[in-house]
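Q: Numbering (the UniProt record's numbering), first residue to last: 1 to 332.
Just to be clear, a hint being listed does not mean it is correct.
Stated by the list, open to error - What follows is a list of derived Cβ distance ranges for each label pair:
| id | residue 1 | residue 2 | range |
| --- | --- | --- | --- |
| 1 | G132 | I311 | 32 to 40 Å |
| 2 | L319 | I179 | 19 to 27 Å |
| 3 | W219 | L308 | 33 to 41 Å |
| 4 | D215 | I6 | 21 to 29 Å |
| 5 | I9 | V149 | 39 to 47 Å |
| 6 | E209 | V323 | 26 to 34 Å |
| 7 | I134 | L76 | 32 to 40 Å |
| 8 | R173 | L210 | 47 to 55 Å |
| 9 | L272 | V55 | 19 to 27 Å |
Read the hints as simulated data drawn from the structure, not as lab findings.
All C-beta atoms, glycine included, are put in the ideal place defined by N, C-alpha and C.
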Amino acid sequence: MDTILILTILVVVFALAFDFINGFHDTANAIATSVSTRALKPRTAIMLAATMNFVGALTFTGVAKTITKDIVDPFLLENGSLVILAALVSAITWNLVTWYFGIPSSSSHALIGSIAGSAIAAAGFGILNYSGFIKIIQALLLSPIIALVGGFIVMTILRTVLKNRNLFKANRRIRYMQIGTAAIQSFTHGTNDAQKAMGIITMALIAAELQTTDDIQLWVRIAAATAMGIGTSIGGYKIIKTVGGKIMKIRPIHGIASDLNSAVIIFGATLLHLPVSTTHVISSSIMGVGSAQRLKGVKWGVAQKIVLTWIITMPISALMAAVVYKLFALFL
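Turn these sequences into a full structure, and let the hints guide you.
A: What follows is the structure in structure tokens.
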């Protein structure tokens, strides 16, 4: 069998594996608050998230096309299949390490950093599509800040609206509403995160000259959506614990504020065809909501560790991918 075809098949397998791992790694993003407030039992919440992730993944393709062509041009990338395979190995490794330790790191940062690092190792810095790459980096950096501010504003508005209400009764009603917001947030997660694997597979098909456009084929969309849905159904209980309880003590009012704010930001990014980190957006929303309630209520020590992981993920992933590519090029 042709070497390029073998590498392309490996890329598809590893891309779907990345999507599967992304599913259980990022499950907490969509359902942590609803589980922590007991609006949903963990297994019910996970199945809800899996279903809505699958539906969301099939609905849009704009982010997938951004991943395909805005980091590097797959039509110009030599050894493209090897570059992409090295990037996937790096991103998967980082995701598994952070999942093991219960750290809500960004799968998006890991993947984008890995693609850039592997491509640079193969063809130098000139291979990067700087206009597109900078646009992606801006979206990744600005979205957590917008989420933090938005969470503060949404929580402030809800506190003002509910200040004269019986808090116990309000919390009971809001707990039921959280089922809806968890579903919406899971849907938006699928519209953004699952598309990253679709973009990677499309890059590989173009690099192998099996495709001549950046269109996302139907089988790619179905395969990626299925992989993420199955991964989500397994669940990531370690990260659920971190996001849902270690950042702050979450009550139903906090949950619905952070869920709504996160869903709006993630879906807005999807409509703009921009990949964002759902982990960053949701964790930042929770911090913003907590700050509006009481600054001391946020466990800033835990938050600092999460932010540190955000900062180091992309450069570490890029370096890992560069090393993996060089090893692959040496032995393959």
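Q: Please go over all the hints and tell whether each is borne out by the structure.
A: Each hint, compared with the structure:
A hinted range of 32 to 40 Å for the beta carbons of G132 and I311 is inconsistent with their spacing of about 22 Å. At about 42 Å, the CB distance of L319 to I179 disagrees with the hint of 19 to 27 Å. Between W219 and L308 the C-beta distance comes to about 39 Å, which sits within the given range of 33 to 41 Å. Taking the beta carbon of each, D215 and I6 are about 24 Å apart, inside 21 to 29 Å as hinted.
For the pair I9 and V149, the supplied restraint of 39 to 47 Å holds, since their beta-carbon distance comes to about 45 Å. Range check, E209 to V323: about 27 Å between beta-carbon atoms, so the 26 to 34 Å window is met. Remark: the range hint 32 to 40 Å for I134 to L76 is contradicted by a beta-carbon distance near 18 Å. A hinted range of 47 to 55 Å for the beta carbons of R173 and L210 is consistent with their spacing of about 53 Å.
At about 20 Å, the beta-carbon gap between L272 and V55 stays in the expected band of 19 to 27 Å.
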